[in-house]
Each structure stands twice: as structure tokens, then as C-alpha cells.
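2 protein chains.
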Amino acid sequence: MYLDRKPIKVHEAIEAVLQFTQTGKIEYIPIDESDNRYLKAPIRADHDIPPFDRSPLDGFAVRANDTKLATREKPIELEVIETVGAGGLAKQVPQQGQAIRIMTGAKMPAGTDAIVMFELTKEIERDGKTYIEIKRSFKPGDNISFQAEETRTGDILVNSGRQVDPGVKALLATFGYSKVPVAKKPVVGVYATGTELLDVHQPLEPGKIRNSNSYMVTSQISKAGAIPKYYGKLVDDFDHCYEAVANALDEVDVLITTGGVSVGDFDYLPAIYEKLGANVLFNKIGMRPGSVTTVAEYKGKLLFGLSGNPSACYVGFELLVRPWIHHFIGSDKPHLQIVQGVLKADFPKPNPFVRFIRSKMTIEEGKIFAEPVGLDKSGVVTSLANSDALVVLPGGTRGYKKGDVVDVLLLNGEGGKDIIKIGAV
Amino acid sequence: MYLDRKPIKVHEAIEAVLQFTQTGKIEYIPIDESDNRYLKAPIRADHDIPPFDRSPLDGFAVRANDTKLATREKPIELEVIETVGAGGLAKQVPQQGQAIRIMTGAKMPAGTDAIVMFELTKEIERDGKTYIEIKRSFKPGDNISFQAEETRTGDILVNSGRQVDPGVKALLATFGYSKVPVAKKPVVGVYATGTELLDVHQPLEPGKIRNSNSYMVTSQISKAGAIPKYYGKLVDDFDHCYEAVANALDEVDVLITTGGVSVGDFDYLPAIYEKLGANVLFNKIGMRPGSVTTVAEYKGKLLFGLSGNPSACYVGFELLVRPWIHHFIGSDKPHLQIVQGVLKADFPKPNPFVRFIRSKMTIEEGKIFAEPVGLDKSGVVTSLANSDALVVLPGGTRGYKKGDVVDVLLLNGEGGKDIIKIGAV
Chain R
1 MYLDRKPIKV
11 HEAIEAVLQF
21 TQTGKIEYIP
31 IDESDNRYLK
41 APIRADHDIP
51 PFDRSPLDGF
61 AVRANDTKLA
71 TREKPIELEV
81 IETVGAGGLA
91 KQVPQQGQAI
101 RIMTGAKMPA
111 GTDAIVMFEL
121 TKEIERDGKT
131 YIEIKRSFKP
141 GDNISFQAEE
151 TRTGDILVNS
161 GRQVDPGVKA
171 LLATFGYSKV
181 PVAKKPVVGV
191 YATGTELLDV
201 HQPLEPGKIR
211 NSNSYMVTSQ
221 ISKAGAIPKY
231 YGKLVDDFDH
241 CYEAVANALD
251 EVDVLITTGG
261 VSVGDFDYLP
271 AIYEKLGANV
281 LFNKIGMRPG
291 SVTTVAEYKG
301 KLLFGLSGNP
311 SACYVGFELL
321 VRPWIHHFIG
331 SDKPHLQIVQ
341 GVLKADFPKP
351 NPFVRFIRSK
361 MTIEEGKIFA
371 EPVGLDKSGV
381 VTSLANSDAL
391 VVLPGGTRGY
401 KKGDVVDVLL
411 LNGEGGKDII
421 KIGAV
Chain B
1 MYLDRKPIKV
11 HEAIEAVLQF
21 TQTGKIEYIP
31 IDESDNRYLK
41 APIRADHDIP
51 PFDRSPLDGF
61 AVRANDTKLA
71 TREKPIELEV
81 IETVGAGGLA
91 KQVPQQGQAI
101 RIMTGAKMPA
111 GTDAIVMFEL
121 TKEIERDGKT
131 YIEIKRSFKP
141 GDNISFQAEE
151 TRTGDILVNS
161 GRQVDPGVKA
171 LLATFGYSKV
181 PVAKKPVVGV
191 YATGTELLDV
201 HQPLEPGKIR
211 NSNSYMVTSQ
221 ISKAGAIPKY
231 YGKLVDDFDH
241 CYEAVANALD
251 EVDVLITTGG
261 VSVGDFDYLP
271 AIYEKLGANV
281 LFNKIGMRPG
291 SVTTVAEYKG
301 KLLFGLSGNP
311 SACYVGFELL
321 VRPWIHHFIG
331 SDKPHLQIVQ
341 GVLKADFPKP
351 NPFVRFIRSK
361 MTIEEGKIFA
371 EPVGLDKSGV
381 VTSLANSDAL
391 VVLPGGTRGY
401 KKGDVVDVLL
411 LNGEGGKDII
421 KIGAV
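Chains as they are written, first to last, in UniProt numbering: chain R, 1 to 425; chain B, 1 to 425.
Hints are computed from structural coordinates only; laboratory data are not their basis. Do not rely on the hints blindly, as some may be mistaken.
Unchecked claim - With a Cα cut of at most 30 angstroms, we get these calculated DSSO-like pairs of lysine-lysine:
(1) B:40 with R:223
(2) R:333 with B:344
(3) B:223 with R:179
(4) R:360 with B:301
The task is simple: from the sequences and hints, build the whole structure.
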């Protein structure tokens, strides 16, 4: 079956998937639980920042005019009539020759128009009163943080689609978002196929291996911002497989299967798509690894048939499933970020198809470098654990040399806006 | 109080903190819950990979010797006696002229020593038997994934100190880690100080602002890999403050306070440290923002007195608290990663002290750039939300120009091994 599959280009596969994006509904969650979620509405200032003219220092609020004649030789004295701390309000209005002791963040007292920092004053006690000595003049407005100088009521401070991080959270708190509008997470189902698969707690048996893809993919799903729902292994019997897939589809937003899409005798997925009446968007991509990656659509829901090979499974997820999830949650950077980097080692193999090579990214003297990790044989699970980037070598190219500039997809970080356009078959 | 504080250098402050690191105990958690945790033991291969000689393709397992004379002109025929899928084992041993149909991942049947892929064969049915025609010769070992060619039993695949990501998780599953040894997370307490602070759900009042630091810092704590425990606001009364801090210290691994470390009349922290009998490691750092950042030690536990100014609070956490947490959880990269980048805008202010400027990092043509975000006035919470890096300008320097190469601390990503050594006062 499908021995004569026709490969499409990587970007065509991504575009085909993005025809079936959905948009997650808005939900309001407590600010305490909002870390890493994606904003579904912009953050708007509900007040000016600063909300009032305030002192940015510990010092004295004065009438600038009173200090006009102050010099080192002829210092002036002001009477301190009151102390106001941050959060407090002055009770008195200073008259000529009077000042108010004021702490950082406190509202400017009425009648004052400059702040003199502690360090520039000398305090004097006399007749039960406190005075400060000032040796220079101040202008109206000196050392004041003015209302709205940072932000004005109604300003949009962070756009919809941003992920909540500590800085964004500070803004949410500042503007009173005790409930935060975020996109609901999609539920992504996972079924593994393969009679050879043992569960993680099972001892090894001849001919069998432990199921690593399901753990890897559920971790990728969480990292991408969705909720994984692992259904276990598909059994060998075709009818059971068909039932299982059809039932799971009812409960999830998209369904991932790992394995079962190649040309082996027990690769049931193509037949399941057919029996479902699903629309197969493509069943071959001109890339390595992951050429057998298949995506089908049934009643608007996508079925991602990822390869059973761990590297191919990983790459298929990042190229195709990640952007789908990120569209759902409203991220403004749904794709992997693509940058240019210098290859740190030779890669002599020719590339009949576009090739994604697991690599370790480093930054040296301000420049990006990428070093292929491990053998990069299909199935080398060990190198996945040591890579944080994929070097992309276009199809139809010969080997690459150390020092060549190549495209690099970053597996961590904020992602990118652009579809990977490399990938001529 | 403390008007005559003596500033120390940034790296001296970090080193002082690291004298009091602790090591988190090991705990074993289910693999499903291990995302983003830090490994407390290396991952060791409990078996070879591949665990047995296996077929990397869908095809036929043959005796290479049988194909010796096969040519395009004189193809040979082999009888297919059995089919073995991945996870299955062949029941028969092929004799001369016999082959076994085999699926990707299946164990090599005894007696066979090469794999011929489907595409290079033609199947023939004759007299109720199946034969394949082969038009070329194969050598022993052709198309076999040999046992242990990737990894040998006992190999260390990932070192202690690594954070679990999807690739690491695949390895954990492969090698049967149904329970994963990780470092316990430290509990980091947070108290906010400041009469001016309203909670996020409270309406604004004259002279008051909402408490953003606590939300920001708890988010930073979670992101750094620890458990935040927010205690609320310290009340105004000194004795109450003292009791609250002393009690909290019993329940946490370290305690962060925000605000209250400056020279204002209501900055109680210095007096609290004194009454506790805590050892003040430093109470001034030669840096902007965050010069008043204070750290004290009491019975081996650290009290981080971060500034109440949001930017200063943020920077103080990332420079000092983050490495403490990362040491506790055994991370091999406790500090912020420091790289070189090109300044994308002028920064004309002189820098009497080392300055950390909130910035946005970009990668263009393989090079790192950093652009200062917003005004960068102390207290500008809005720019925190749009920065993912800190540009570091050494103390004692004049303004910097667009195009200058500067040090850049990356706020996201895996971190770095080295203490920030910049920071001459």
C-alpha cells in the first residue's frame, strides 16, 4: 500500500495543516495560575503609571521657590512639618519655609513641587522642631516622577498572543488582572502503535523495545502549550484499532499516532484513514527523517500520523503539530524560530531531500553555531536528548563543510513567525 | 541607618551568596511528572541500543551468500517462509534459498545476515508458495542495525544536573526509568513590604499602587525551578514584621523580601536582620538598578532583601536568587547565560556603576543583537514585560553607541556556567 506515495515539500505540508487550524476559546484563570499561558486579550492600562506625581527617592518635598537663594555659602533652612511614607498622604500643605519628609513612592504633597534627597540635606533639631539645611537651589519638577510619564490609562502594553512570563505577570498584577484572559488549551490525544513496544515499567523481552515516543510526544505537547491525553498502545487487530481511533477522535481536538504509517504489513493507519473516510492531506514529505509523516482530516479534526522512528516523530511534531497547537492558543509565533548559524563540523552525506539534523546550538562571540549531535542515524534516541536545534540542509545538495552557514531551527525559546520555506524536494 | 553603606562588586555579591548554597535531596517521581525537573543522577543505559541486531527497514531477511550470483540479467529467487513483525520473533531458520519477510524494528532471524528492502524485490506466487526475485547481491551485514551500535549497556547518556525535556524524557522511557531521580525543589518564601501596596483585586486608592513584585517574583521562582510560598504583605509595625520574618524562616529554604531595604524611615529590614542576629553579607552592590539589594544569613539560611523597585527586584532575583536555586536543584548551569551582542540603539547615559538594561534580544544573520526596551527609568514595570535580556554596561564607562558590542545576559534558555565577572564599581 502506498508504495507510490508522492512526496510534497515541507512548507506545503505545513500550509496544508494550517488550513485546519482552530481557535481556542477564551477562559479567565486566576493570575496565580497564569504562568506560561497565552494571553487571549491585550493587557490594557487601567490607570496611569505613575498613578500620581510621586517621589522616586527618600528625601524632602519642598517648594522649589523656597530654595532659590540657597548656596553652599548661604544655605537655607526649611522646617519639616510632617513625614509621609509610601502609601500615605500628607495631612498638611507646607507654607513658605516648610517641607515634608517623604519616602520613595509616596504621593507629592499638595503645595510642593520638588524633591531634595536625604544626602543633600543636613537635619537640625532646635526648640523641639526639625529643620533641614539645603545648600543649592532646586527647580520646580526636580526629582519628581510625574503621573502618566510611563504609561497612560488605556494604553495597550502587551498584545494578545504573548506568553505570560514574570515580566508580563508584573503588568497583569499592576493593572488589576486578578483573572487573566487566556486561550483554552487544546487536548491532543496520543496513540502509539507497534507490537514491539513495552511500557516503561516492563522488563525487556527478546525482539521488543520500550515505548519512548509516547513519553517524548506528550512532553512535546505540554511544552507546546496543550494538554496531552495518552490513550496507550493500539492493539494488533485492525477492527480494534479502527474503533479506538474513531472513539478517541470524539474526545480530543487533534489525534497523534506514532508509527504505523509506513509500508509494513502491520502499518494500519492508511487503512484506518480510508475506512473513516478521512481526507488524507499528504502521506509523504520530501524530508529526512520523517518522510512517511502523514496527516489526514476527518470532520475538521486532524489526525497526525507521525513516524514510529523517534527522530522522525520528534521532527514531525515540531514542524507540523507545534504550529497547529500554537495557532489554537493564539500564539503570535507559532513556528520554530529559524536563524542562521555556522556549522561546527563537516556533514559529508549528500541530501537528496531536505534534511533536519539534530544539533546543539552555541553562541560564541555573538554568533550562532550549530554542531550535529551523535551519529544522526534514524532511531538514535540518544542524540535527541542532547540537541536543542535542528540544522536544515536543503534537498538536492551535496555535503556541507565545517564553517558553512546553514539554517538552524531553535527547539527552545519563543518561536518564530515564519513557515520554514526551505525544502525543495 | 546605613547611609554609609559600602558597595561591593556584582560578582562578589554572587560569590557571597554561593557560600551558602545547599543541596536538594533526591526524590523519585513518576516519569509522567518529570518535565522540566533536574536530574539528580545520570541516565545510564540498562541495555544496548539497539538491544539486538534488527532490521531498520521493511523488507526481507536473507542469507547474503544466497544472493552472491544475483544480477539484473540473472536474478535469483528465494522462498519466503514466514513473516515477522516488529516485536515478533521468527519461528523458523531459513535454509539455503529461503528468506523471511521482516518489518522495521524486528529482530534479525537466526541464520540471516542481510536485509533486502521491499523496493528491490519482486514478489512471485507459485504453487501456493511465495518467492521473491532479487537482482543484485548483498553482503553480510547489509542494512542491519547491529546490537549496541548506538549505545552500550552501562553508558552514561545524560549527566546529572540536566533539565528534563522531551528528548531526555525519551531516554528515560527507553531505559525503564518509570521513577525519575530528581532534586527536591527548594521552598522560597516571599514577603512584600510597603504600605502603598494594594492587592491585585483591590481598586486603586490615592497614594497607593498595586503589588506587582510579589506576582513577578513568585513567577521567577517557579521559572527557576523552585516552589514559591507567598506570605503576603508585612505589616507596618516593627515587632510584627520581626515575628513574621522569623516564623517564615522556619518554613522555607530561603526567604525573599521585596522592598524595605533602602534608607527610608519605614525600611525595617536592616533592623530586622540586626534583631535576628543575622549576618549581613552585603547591603549595597555597585550596580544599577538594585544597589540597595541586601543579603543576610541566619543559621545557614539566606534572607534576600530585594529592592521594592520592580526592575531592581527583577535583576536582583536573576543575579542572586536564581543561582542559589539552581545550585539547590543541582543544575549544571546556575547563572544567566552571558553572550556578546551588538547594541541596536544609542545609550548615552554615563555608567558610574555597572548597569543592567532591560533589552530585547534578536538574532539577525546569525548574530546576536540587543535593543534597550522602553525608557529604562527605575520603576518602569512596562519594559520588563517586553524584555528577554539584560544588556550589561560596566561601571566607569561613558555612553554607548548603536553598533557597540556589549555583554548580554539571556533571561530565557538554559543558563550559563559562569558568574558575571563584569562589575567594577
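### Task
Would you check the hint for residue 360 of chain R and residue 301 of chain B, treating anything up to 30 angstroms between C-alpha atoms as holding?
violated (37 angstroms)
### Query
residue 333 of chain R and residue 344 of chain B: Cα distance at most 30 angstroms?
holds (22 angstroms)
### Query
Is the Cα-Cα distance between residue 40 of chain B and residue 223 of chain R 30 angstroms or less?
Status holds; Cα separation ~21 angstroms.
### Satisfaction of hint between residue 179 of chain R and residue 223 of chain B, Cα-Cα up to 30 angstroms
Within the cut-off at roughly 20 angstroms; holds.
Hint 4 from the list above is the single one not met by this structure.
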